[in-house]
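Chemist: Read off the chains here:
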Amino acid sequence: MIKDITIGQYIYKDSLVHRLDPRTKIIVSMLFMIGIFFIKDYYEYIYVLALTAISIYLSKIPVAKILKGLKPILPLIVLTIIMNAFFTSGEVIFQFLFFKLTIEGLALAAFMSTRIIFLIIFTSLLTLTTSPINLTHGIEGLLNPLKKLKVPAHEIAMMMSIALRFIPTLIDETDKIMKAQKARGADFESGNIIKKTKSLIPVLIPLFISAFTRADELAMAMEARGYRGDEGRTRFREQRLQLNDYLILLFFLVLTIFVGIRSVVF
Amino acid sequence: MIKISNLNHRYMKSNGKGVITLEDINLNIEKGSFVSIIGHNGSGKSTFAKHLNGLIVPQSGKIEVDGIQIKNDDNIWKIRNMVGMVFQNPDNQFIGGTIEEDIAFGLENIGVPGNEMEDRIQDAALKVGMEEYLKRPPHKLSGGQKQRSAIGAVLAMQPEYIVLDEPTSMLDPKGRQEVIEVLRKRNKEDKITIILITHYMDEVVYSDKVVVMDKGRIVISGQPKEVFKQKEMLLKIGLELPKAALLQDHLKKIGVELGDCLLTKEELVRKIWELY
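So the protein lines, in turn, are chains A and B. Using our numbering, the first residue of the first sequence is number 1, and each one after it goes up by one. Using our numbering, the first residue of the second sequence is number 1, and each one after it goes up by one.
Certain hints may be false.
To be verified - Once the Cα atoms are required to be at most 30 Å apart in a straight line, the calculated DSS-like pairs of lysine-lysine come out as:
| # | chain 1 | residue 1 | chain 2 | residue 2 |
| --- | --- | --- | --- | --- |
| 1 | A | K176 | B | K191 |
| 2 | A | K147 | B | K78 |
| 3 | B | K140 | A | K60 |
| 4 | A | K198 | A | K176 |
| 5 | B | K174 | B | K140 |
| 6 | B | K3 | B | K191 |
To be clear, the hints were calculated from the coordinates, so they are not data collected in a lab. Since the structure is predicted, the reported quantities are computational estimates derived from the model, not experimental observations.
Build the full structure now, drawing on both the sequences and the hints.
Modeler: Shown next as structure tokens:
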């Protein structure tokens, strides 16, 4: 049960977007984030909508899955709407104590929440179409130029991939420890939040101890298999940018620059 | 050949007392042989294993692997290419997210070109019978499967020697048998030297040489038949006999004489068969 949860939200499909280099997808997501902040008018969202729709269509990811990804950020959207709607000065249409609902506020609320929704939908395509391990490879690739500035790019990526690898193992172990403690009469379900949190201590302590043992043994196993950091290392399935990657990067770069310049000039 | 001469090891306890874990170990491990090291918990066999590929550098004494002495950082990586190591806990030596990534990890470390990796991974997986599971993550595998892929990951690096530190102690009987079968096959077919550390007596009966350790020393060493003849000595240091030998012993007590020390089920069945 507990170990069946999926890490990340990667959905395997054979699509153009899936085949893109993770680095391309990360950069495009960033460009999109920058670009969307230059948008000033509602009608311009039509273009954003078109761009997002085409991307989703090309990724073959079911729209329902993407909309499901919006659920966790619903509180954020609601908060944005409330803050903007009630705290923008303008023509008051409704007043309750010091909360003033204004027309300008409503407009701004709609504008802001649309922006957030597009932002989330588009960037979630990145995690939906890239497996966690490819994502770490992509991050390593992008951090690589920073190695000259002593940024430990390889080490960061290695830590991330080991963390990903051990999540299911540790969940499994948590499950086991909880069962063992339940068998000894531990109660995890009743009581208020404080009591519930406290009851987790007998689970967390054994979990931490075993995690340290694991880390120790893993380090030794890595050394035994000849691991000595980045030095002299080759890569399994080296990623190379394809024509598609270059085209898409170019497209988004030009688009972002265009949107940026336009918003400054006009 | 791995030549170990006058190897000693001790570690400091927190109260400042030195504890001797290895004392005057002398051993030659022939290339292509299957050597088992048995001993009780705390007999020093794991410490000994870690010396063989430089995870622990000898404090005193000498270890030579094919003429290269394990001494310092310069040659330690070369030694680790030659001597592969498999550990006890299958989960804690699985580095990659899937079997193929895990096998690739070792190859990446030793600088195998990317386009050669696919072939070597396939080959290694085939040798340990895991070719169908290459894309599986570790938590979707049984203990035996995990240990076999760990052996595969070491095989892909094409070492001359493989040291296995109690590889079966966390496995069920089926997984244990699978692992031992893979080891015997690789030893016979690829002439890879296997150094198996275990406390299951039934796993050592097929080896060319059995080394018995107790309190940091080698007490008996020789062919399995000769080692298991010294029943009293083995029992004294807390070890037992292989099941076949144990049954032979019980039969002897009730007056059924089966002759020479028997180690495997097949031998035992044949002898009993011949009785009547």
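Chemist: It remains to establish, for every hint, whether it holds in the given structure.
Modeler: Evaluated hints:
| no. | hint | in the structure |
| --- | --- | --- |
| 1 | A:K176 with B:K191 | 41 Å, violated |
| 2 | A:K147 with B:K78 | 27 Å, holds |
| 3 | B:K140 with A:K60 | 27 Å, holds |
| 4 | A:K198 with A:K176 | 18 Å, holds |
| 5 | B:K174 with B:K140 | 17 Å, holds |
| 6 | B:K3 with B:K191 | 18 Å, holds |
Hint compliance for this structure: hint 1 is the single one not met.
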